[in-house]
Amino acid sequence: MAPTQVSQRNARELLRPEVLASLKNLDLVARSVVEGVLIGLHRSPMFGFSQEFAEYRAYSEGDDPRFIDWNVYARTGRTYIKRFLGDTNSHLMILLDASASMGFGGPPVSKLRYAQFLAASLAFLAARQHDAVGCMVFDEEVRDYREPSTRSGKLQGVLHCLDSATAATGTRFEKPFDKFRETMARRGLVAVISDFYCDIDDLLAGVRPLAWHGQDVVLFQVLDKEELAPSFQSNVLLEDLETGEAVEVEPEYMRERYPERIRQHIDRLAKAAAGIGADHVLVDTSDSLDGALRNYLLFRQRRQ
Amino acid sequence: MMSLLAPLFLLGVAAIALPFWLHRLQTESSDRRPFSSAMLLERAEQRVHVQKKLKYLLLLALRVLLLLLLALAFAQPFLRLPADVVEATDAGTHLVLVDTSASMARVGTFSQARETVRDALDRAPADALLQLATVDRTFRVVGELGNDRSRLLADAASLDPSRARLDYGAGMTAVERFVAALPPPVTLHFVSDFQASGMPVRFADLVPAGVERFVPHVVGTGEPFNWYAEYARDSAAGIQFGINGAGDRERLGDAELYLNGSLIATHGLSQTGPQVLDFARPEYEPGENRVELRIVADDDFAADNRWFHVVDNKPPTPIPLITLDTGGLPMTYLSAALESAAEYRVEPLIAGNFDPRILSRYRWAVVDDIGLLDGGLDAALSDYLSVGGNLLAFAGERAAGLETLPLAGNRRGASGLGLPPGEFLSIGRIESTHPALARSEGWQSVSVSRYLPLLPEAGDRVLIALQNGDPFLIERQVGQGRLLLVAAHLDNRWSDLPARPVFVSFVIEAARYLAGINEIDRTYLAGSSLPLAVAGYTSGQVVDPEGNTLLSLADTTREQQINLDIPGFYEVYTPQGQTVVAANIDPRESDLTRIGQDVLDRWQDATASQPAVTSAAFSMEQERSLELWHWLLLLLAVVVIGESILGNMHLKPRVERA
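Note that the protein sequences, when read in sequence, are chains A and B.
Following the numbering used here, the numbering of the first sequence begins with 1 at its first residue and continues without gaps.
Following the numbering used here, the numbering of the second sequence begins with 1 at its first residue and continues without gaps.
These are computed hints drawn from the structure, not numbers from a lab.
There could be a bad hint or two in this list.
Chain A residues, not near chain B, derived (Cβ > 12 Å throughout) [stated by the list, open to error]: (1) Lys111; (2) Arg187; (3) Glu239; (4) Arg257; (5) Arg261; (6) Lys271; (7) Asp279.
Distance windows between CB atoms, simulated [stated by the list, open to error]: (8) B:Arg32 <-> A:Thr169: 54 to 64 Å; (9) B:Gly647 <-> A:Ala229: 50 to 60 Å; (10) B:Arg32 <-> A:Lys271: 31 to 41 Å.
Ideal Cβ positions, reconstructed from N, Cα and C, are used throughout, including at glycine.
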């Protein structure tokens, strides 16, 4: 047990945002995160996530020939595909908010950088599950889009798309959801990563059609610690990163009333998401990434 | 056009940088930081910020305005306005001049004068320009030149006689300067009691140039009955008052003598005319005593029935005389001179037989022969001078035997010590502006038959030189003290100076000079000025007979001429101490005898015979100026109130939240 405990602790250390920030390569970040998470989940009865064999299925055209069990073929002369637990060949579409407000936070990492880590980890994890992974980077417009694919080379494209996102301008959820609706062909998972500084009704107007269409939507709300519990000691003039609007606030307000207001906002978002069958995961950028990924896996398992 | 009296104060405008700087600090005091979203921040805070910003700008504007106004107010701006157009008319100007000297306070005289003014104004031609003025010791213009008779009558009703004297010559000279600026032809109505004692020495001084017609209005007619005091003299025997009485009445009156407010003696007045009242020497209190003579008589002019006098009864100040012979002539002459003022007492000190440290008790000392100073005494006196002591030294027989004088260090000159028998030298040059010599007269009569020829050293100031140019009195600054060195002995064998009256005045003035006392005269005439010189950082303060302080705090640091307008005792506080001075009405004002009619006729004729001034020659060149500083101060007060209210409003929310 001792070696396992040590390796679990080491893995968790590796998932700290400040450690991940030192890794320049998003691919490496995603790989480190996923490996760390998987070590933590080793033989976990809770999730049952593993590469354990589940069943054989007759090969049909379009299946990846890598998964043909050649031993069975040698014995029977028939091609069968080996299926594992958790292997559902789902779609994962990652919608990453790259608006200016996502540039807030840190050090060590801004909300956007943390969201990139999260998105990359999700993409890597999904690819490992043989899920098709696509991504869309948006702010007021759709900045970049990669349609879901299971081809191995596509993952690098998705990671590159995520890595090149920079925080700019405002946020509008209509455009990415409209674009996604236009291109979606089959049901799957939709991970929306944003700070969700928007009107919740407007957001729901975009998410609701997806849910009705059978998509499973999870909203990752990424917030910095300074947004959840501001620590201003004196009067401060806060300038909205998206609108440029300046508001003078007092430390008393930021310590006492603001945390209450943002908690209400988070609660409203969570309640609204639950109302349409979507999941809401609050992500604090000061926490390690495994919590967010665990939530994702829990959500994925529940969906199956 | 606006001008500035003190443009240098405009440099104060640079102070507006201060509020800008302060406001820059204030606006930057709120740290500006980026934040993800303002959507959850208090919207009300934003409005407060905007309001604050507006308030800041308004507050800044008010503060800048405040400093601008302050700088402008100090710069004393004024507007040059064109003079009111005064059209010269054929009737010209009627100048009504009212005598406000002390004698006009005679019973019924001034009310008669007011009536006369009214009459003169009524009789003036309808289109004449009118001007009212008063004259006593000074000439004052009352109101402005114009045709508004009701205003002039109101001005005339407010006039009152003063306690000052009027000299008609001086008065007419002032009129002459004034009428040059009036539209001609000028008719001068002079309302006065025309005292004979007010006449000038030269009759020509009565005739003001520029006046075409002189109309005398005599008031206060009738035989006067008036008692008045003319002087007071105190001596060891008693106190003496010179009084005079004019007129003839059955009941005359009494003279009462008051000492420090208490009646101590009475003297009956049985006959009019000049007389001397002798009172036995009262029991004076130590220090200054207020002596007052009151004439109790039902006369026409009550204001001059009191005479105020100050008697200083302080003990004589001891003056040390360093000598070898306490019974010699120097002691005799010096004692006689100093003790004549009853302020000093000579205290002989035998050279070499006293502790030199006792000199520190005295502000100044006398050495009858500088040659008697040996090494120890020389050093002691040198120290005494360097720390602020003062010395009056004479050169005697012992000094004559020395090539270089002790203490002073002056060497003997080449010329001889004595002059041939029967020959003498007079005084050639005197620095009469020197305080020790300013009041002494008669130096020219001094004959010097023997003196010590001295060569002046660097820093020596020769105050008196003999005919041949040799110094006779030298002054030298030694450290903080002064040395006055006389090149002759206090002995009539050297010169006749000790026997001359000038010696007394010289020794008294030298005593005051060396003691550093700026003596103030004790007796003044009402209406005259008391000079207050600045000593140290202050000139002093004066309390008038009614108990009012005459100087503001700021004025006490400036040299002043205090007008003694009312008779009585004035308390004068100077850095040297407290003094009481007395002011009395000039006795010449008490002599109510009028000028003869023939003199008045000549005065009129002399004025009428002057060449006429034509209307064309008249031009009103003087501009009017409107000073704006008081308006600026008013505006400043409003801005200060606005700034205070706005500043308070600005602070209020912070206080509530604190």
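So, going through the hints one by one against the coordinates:
With a cut of 12 Å on Cβ distances, Lys111 of chain A falls inside the contact zone with chain B, its closest approach being about 7 Å. Distance to chain B confirms Arg187 of chain A as a non-interface residue, since its nearest Cβ pair spans about 33 Å, more than 12 Å. Against chain B, the non-interface label of Glu239 of chain A is violated: not every CB pair exceeds 12 Å, the least being about 5 Å. A Cβ of chain B approaches the Cβ of Arg257 of chain A within 12 Å, the least distance being about 7 Å, so the stated non-interface status is violated.
At the 12 Å boundary, the C-beta of Arg261 of chain A falls inside the reach of chain B, the nearest C-beta of that chain being 5 Å off. Even its closest Cβ contact with chain B, about 17 Å, leaves Lys271 of chain A beyond 12 Å, as expected for a residue assigned away from the interface. With a least CB separation of 23 Å from chain B, Asp279 of chain A remains clear of the 12 Å interface cut-off, as annotated. Here the CB-CB span from Arg32 of chain B to Thr169 of chain A is close to 21 Å, at odds with the stated 54 to 64 Å.
At roughly 36 Å, the beta-carbon separation of Gly647 of chain B and Ala229 of chain A lies outside the given 50 to 60 Å, and the hint is violated. For Arg32 of chain B and Lys271 of chain A, the hinted distance range of 31 to 41 Å is satisfied, since their beta carbons lie about 35 Å from each other.
Hint check: violations occur at hints 1, 3, 4, 5, 8, 9; the rest are consistent with the structure.
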